[in-house]
Amino acid sequence: MTAVLGDFIRTLRAADIRISTAEAIDAGAVLGLVGYDDRAVLHDALSQVLAKTEGEKSAFTDVFDRFFSFTPFAGENPDDQPDAGDAVPGAGGLPGGGTGSGQGQPAGDLADMLLGGDQAGLQMALAEAARAVQLNQIRIFTQRGQFTRRIMEAMGLAGLDERIDNDPAVADRLIEARARLQSQVYDYVERQLELVAANAGRQLREDMLSRLRLSNIDRRDMAIMRGLVRRMARKLIALHSRRARRARRGQLDVRRTIRANIEFDGHLFHTVWKKHRVDRPKVMAICDVSGSVAAVSRFLLMFLHSLQEVLPQVRSFAFSGELGEITDLLVGDDIEAALGEALDRYGSRSTDYGRAFADFAEHAMADVDHRTTVLILGDARSNYGDPRADILKQIHDRARRVLFLNPEPRGLWGSGDSEMKRLAPHCDRALTCASLRDLERVVAELLRTAV
Amino acid sequence: MNQSTDQVSPLAAIGAIEQSFATAGYICNRSIATAIFLAQKLEKPLLIEGPPGVGKTELAKATAALTGKPLIRLQCYEGLDEAKALYEWKYGKQLLYTQVLKEKLGDLLAGAQGLKESIARLHEFDDTFFNEEFLEPRPLLKALWAPEGAVLLIDEIDKSDDEFEAFLLELLSDFQISIPELGTIKAKTIPIVFLTSNNTREIGDALKRRCLHLFIPFPDPALEQRIIRARVPDAEDRLRAQLVAFVQGLRGLDLKKKPAVSETIDWARALVLLHAREIEPELVRQTLNVLLKFQDDIDTAEAELHALVARARKAG
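Line order of the protein sequences matches chains A and B.
Each residue of the first sequence is one higher than the last, beginning at 2 in our numbering.
Each residue of the second sequence is one higher than the last, beginning at 8 in our numbering.
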């Protein structure tokens, strides 16, 4: 049964639930306690040791339902619903043993079980056989038939066939039962494939998507991307949700110092310094939303606004020609729709960095102070207009940091109408930022150095 | 592999827990009862998360009442430290005793030749002032010292600093704590530990790993009706069904703070006091402030009031 648990935990890990070894051991103990008798209790109990956030709980339920789903073997008494998969309440020892070929079972067994409608025994045999042929190694759908055949053989198909040949009295019933069994095994294999391979495939795809240039991402992958952004944001929130404190050396915290030194009869052995909380950065994001850069802007904004908990003060501005503030648009839950509206309002005009910087100066320059981090995202292609690097210099003088994120590779900076070479000197850092992975890195750094 | 046969079957035990909670006035579902069962059997702390007011703290109280063990509660807040959570030396008492015993000390040291010998003699009585007599136990130590075991409730762990969270790890995994002057103190009987969190910040992985994790969501209508029946027995069946349906509908709205079970109970009490037999728009409007604590939320709810009441009345 530990092998089943091992498979289950591997499947959970594939579904992005983090499970440590210690928790796996706990799960084993839980299994020993509650057994497989009651499916609902088993679900609750395992979810309490293995899934430890709200999101993980729902993922857990999903995997649990699929992993432990067994349609009862259609036998003589179909209302006899088995509970949690491959377990038999009170079954003393496992027949065969996990490492053997499974052929060790008496040859007549399968036929007897089919005839007797021994649900539990059949499920046991199925699980055993599946393990013997290493069903958890199944990767692609073309393997389904092959695995079905191998499982049937491991369950004692040869003995069954022999019995059909030699025992005409029950041959008809057995032939029918064999067909039923085959389709059930096939279903089982298919479900396992879905569990094991679907998650592996999704992980591969997500991994690929997070490296892909954002402007190349297909519309149909947007849902996956949103999920990815959300997950990355959650990770960053978990890492940074604690506010750092820094001691102000030189300012004695009198109250706490006296308290700490009572035990020395008031002689000051320990000194306690006043501390102050490090402020969260104020972030102003200025995003180019014209054609080529729009996709990247979209994800940056999605990212920043998913970080409400650790970055409460984000103000966002969008521009292509003129610039406008879109913070208020982005407060709701439906960021996607809000972004669409922002793009409608400010997108698809010819890009003019000079105009945008001038608008920003007029709008928000007064609010830029020594705690503000200004993020500029764009390709710096200003259609040969003056990019007004002087305004950027002013912003740089006032702000704590100015970061310029450019989706174009560094080699293209300064080519054609790109004004990057003129703008970059007034930024603390100018970075290439084209994929989700890059974005995550930038945002993580924003949080790390500022908090 | 198999549960030992010399004990009650686990399912029966879980059912019994559910039953006895119900008789104690705490209505819970299978999942909560399972959690309590596991926490007792595995001797692991139980971390309870969920929206405010779903009965997280209440669960610890009910468990204490049920097991007959004392409830020791530690409310977490920013700046909570070892001295307030674990133990402190009774400095005053130590000083007083040294003063009172001054003469005795004089006698003791009489005849000692030189400083070295005096100190050597004092060393013989080294631990006199650093023993358990002079230790002021705070909640965590009290829980370890309780001879019959205790129910330890560490409330709102998310409000504490992460230093404190790290400090809890030794206690939660081994049920022991280290006091430099005395050494390691182990629990006499392992206490049942509950931690609650409102999720104002993410709890560290290390802590989560050591705990069972129970998420209590808002109850479904049937469970909430049972809770109301247990807590406000005076409410008539029809009123109860309607008011629960209304609150459930209210939770579907986009509110800053959704009404919790404790607020449903308060509201049910209010309605019973007003001799209501079923809910009506005007009555609801006047008592809405029992359920909702923000003016914005009240405004939102009032806009939907008639539809919600109509739907709730159908449920009754």
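Derived from the structure by calculation, the hints contain no laboratory data.
Heads up, the beta-carbon is just placed ideally off N, CA and C, and yes, glycines get one too.
Wrong hints could be hidden among the right ones.
[To be verified] Here are a few chain A residues that face chain B, going by a calculated C-beta distance under 7 Å:
#: 1; residue: 23
#: 2; residue: 26
#: 3; residue: 263
#: 4; residue: 363
#: 5; residue: 364
Going down the list of hints, with the structure as the test:
Residue-level restraint check for residue 23 of chain A holds (minimum Cβ-Cβ distance to chain B is 6 Å; threshold 7 Å). Interface restraint check for residue 26 of chain A: the shortest CB-CB distance to chain B comes to about 11 Å, outside 7 Å, so the restraint is violated. A least Cβ separation of about 5 Å between residue 263 of chain A and chain B falls short of the 7 Å threshold, and the interface hint therefore holds. Against a cut-off of 7 Å between C-beta atoms, the interface hint on residue 363 of chain A is violated, since the closest Cβ of chain B lies about 33 Å away.
Against a cut-off of 7 Å between C-beta atoms, the interface hint on residue 364 of chain A is violated, since the closest Cβ of chain B lies about 28 Å away.
Hint check: violations occur at hints 2, 4 and 5; the rest are consistent with the structure.
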